[in-house]
Amino acid sequence: MIREFLCFESGRVLGDRRIVGVGAIILLITAFLVVSGYRNHAAFQLEKQAFVDYERQRIPQYVNYAQYAALGFRVLFEPSPLAVFTESSRLLASVESKVDMSELVQIYNVHKGRQLFSVRGYFSDVFGFLFVTGTLIMVYSGATTFSSRAALALRMQFLGYSRVFWGVLLSRFAVLSVLFCVPITAICVLVLCGSIAFTPAEIRHLMAAGLLLWLMLAFFFILGFTLKGVFRFRKHTLLWSFLIWFALVFLIPELVTEYVYVRSQRLPSNDSLNFQKLRVVLENEARAVEHVRNMSRRKDVDMKAVVRDQVHFFMKNIHLLNRNIEFDLTRRVSKLIRQYERVSLLIPTQFFLFINREISGLGYCGYLEFKQYVMHLQERFMRFFFQQHYFHRAEKVKSFVRPGENVYQSPSFITAMFGWGVCLILLYMIMMCAWSQRRYQRLVKEP
Amino acid sequence: MIRLSGLMLGKGNDCVHNLNLTVADGEIFCLLCKQGLLRQRLFAVLRGFSLPVRGEVFFSGTPAVTGAAVVAMEPINAADFDTEATLKAHLAFFCRAARLSREAVYEILIKLNVGEEQLEKRLRDSDEETFRKLIMAILLAIPAPNLICNDLIHGEKKAYELEFNQLLAQRRQNGHAILYLTDDIFYALQIADRVSFIKKGRMLPRDPIPALDLEEMDLMRLYNKFLG
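Top line first, the protein sequences correspond to chains E and W.
Under this note's numbering, the first residue of the first sequence carries the number 1, and numbering increases by one thereafter.
Under this note's numbering, the first residue of the second sequence carries the number 1, and numbering increases by one thereafter.
For the record, the hints were derived by calculation from the structure and aren't laboratory data.
Beta carbons: idealized from backbone N, C-alpha and C, even for Gly.
Each hint should be verified, as a subset may be incorrect.
Taking lysine-lysine and the BS3-like style, the derived pairs with C-alpha atoms no more than 27 Å apart in a straight line are [to be verified]:
id: 1; chain 1: E; residue 1: K445; chain 2: W; residue 2: K11
id: 2; chain 1: E; residue 1: K445; chain 2: W; residue 2: K121
id: 3; chain 1: E; residue 1: K235; chain 2: E; residue 2: K396
id: 4; chain 1: W; residue 1: K111; chain 2: W; residue 2: K88
id: 5; chain 1: W; residue 1: K225; chain 2: E; residue 2: K445
id: 6; chain 1: E; residue 1: K396; chain 2: E; residue 2: K98
id: 7; chain 1: W; residue 1: K34; chain 2: W; residue 2: K11
id: 8; chain 1: W; residue 1: K225; chain 2: W; residue 2: K200
id: 9; chain 1: W; residue 1: K111; chain 2: W; residue 2: K121
id: 10; chain 1: E; residue 1: K235; chain 2: W; residue 2: K158
id: 11; chain 1: E; residue 1: K304; chain 2: E; residue 2: K235
id: 12; chain 1: W; residue 1: K157; chain 2: W; residue 2: K111
id: 13; chain 1: W; residue 1: K199; chain 2: E; residue 2: K445
id: 14; chain 1: W; residue 1: K11; chain 2: W; residue 2: K225
id: 15; chain 1: W; residue 1: K11; chain 2: W; residue 2: K157
Stretches of chain W that chain E covers, calculated by requiring three or more beta carbons in the stretch to come under 8 Å of a beta carbon on chain E [stated by the list, open to error]:
id: 16; stretch: 96-110
id: 17; stretch: 178-184
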């Protein structure tokens, strides 16, 4: 009987010109987005090369280490290759960092020239686009699964309620899944076979994102199906389905983002933090100048040793103090991100968007890792500067940056809560199915 | 044989008390009732979708098992079904679901003047009557000894009505028990062997009227008395 259900439903789905027409358009746009993502990746590689070349040639131009310390060097943020699929949902578009001797941790977006146009809509990547269009088609297909009470009652005469309910539900979803998954998988395989080298972890993450997308499609299919039962086969079910879809896909994620933004206002501002660090540095400087002046008045004092002591004192105390201020901010930001993730967990669409962003390495985890990397570089640069400036007195400025060090390659991330999120979506789906089963049975049997 | 014993269902104005009725094999029994909701309720109980408050329904001496001993027919609209599938796809699905041979269905379809080419069309391109005939053919092809119908030909074309009447008569000849729920006393006169009315929750008269007696009665008076 499963074969019959599948045959009938495939005939229904493929016979629906609206679904087939929209499906064909989706396929074309998906192909275009994959090609576009691929080209963007290639363009970024060229930009990266230009960045590296420029930085390499810029450093030897410094006259001395004091100049090098003041002007520093830049670090480029490179997203994971998976950004080919999930690029536009990026938080960290065209991000760079400047590392110098100031105690500031500078991470900023570049909006100059063509980089001004690098920030695009939330859903203009492959996964985002498929998420929006796929969920819309699925909620429509779900709401039209059982066209009427009479159609269901007629089938029940032959097969019994449970077989009709599950047969139609599963076979229709299976047909729609195949329609969605086969072309998309083919496109992804083509890209994976292309010139971009994905690590095994990235392929695993890509599959996890694919699974999550498929779950979202299933979730919306069952949602549409459930809404048809809620509205008792009435014609305005489709309108309500569309409104609920819109709220889940666009409205609620925006509200959650707004909520997180409001919570983020409790964090100290960057300038107050910088001022706090500056005050620490200035106090130390005043103390150090006073100390060096006192020591210079004495006889038989090795002034070089005094300066070295001050440098050691700075690195062991003042720099650590400033680092702790920065770590404290990072801790608070991490806490907020965890809260954001926990809230996202409850709303499937928000959860998908959150994970989609992390998969590309352009999300919050990417930011935290990048910041840690920059702080680590900064500490090493300080030591390097002190070493060269106070202890070696080198004449020619040597580059601190080792090859590839001023490009941060962000890995793809799957957060620890991924499993919980998937389980929760499954739980929602099971609950909706169970409720629908009872609801449809009651609807069919009532006169 | 269809037997309703001490059946009680519904509440308020739309209820039936102590409905006792037997439809013998090879008989068409018309139960006339003005209230559509009550007919729906009774139909739902007869087809096994809901349980009565009290009483029992028997089909051919066995408790009601929908799909095995009885076939239920009610009016359908093509718009309520999957309009993107072809009629042939519907036919294939139902034949498989009801374990019917296609030959049995085609035999009835020929009697209903439905050709193969009409089945090739999608439901949305097909006419309403063809689809109804198809479903009717599928249901009548089921070899169940009992048939219940709920106002099936109400508002249909005369030709369709005559074709359906012929099929009913054939089933009666084959010894099937047929219970027909309607509010159309003139149609009941055409097909029924016996008729009875439901008014104010009671079956009236207690002994059903044979159709032959009905012909001699003043139908307008009967209508006003029981259905007005």
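Checking against the hints above, which ones are violated? 2, 3, 5, 10, 11, 15, 17
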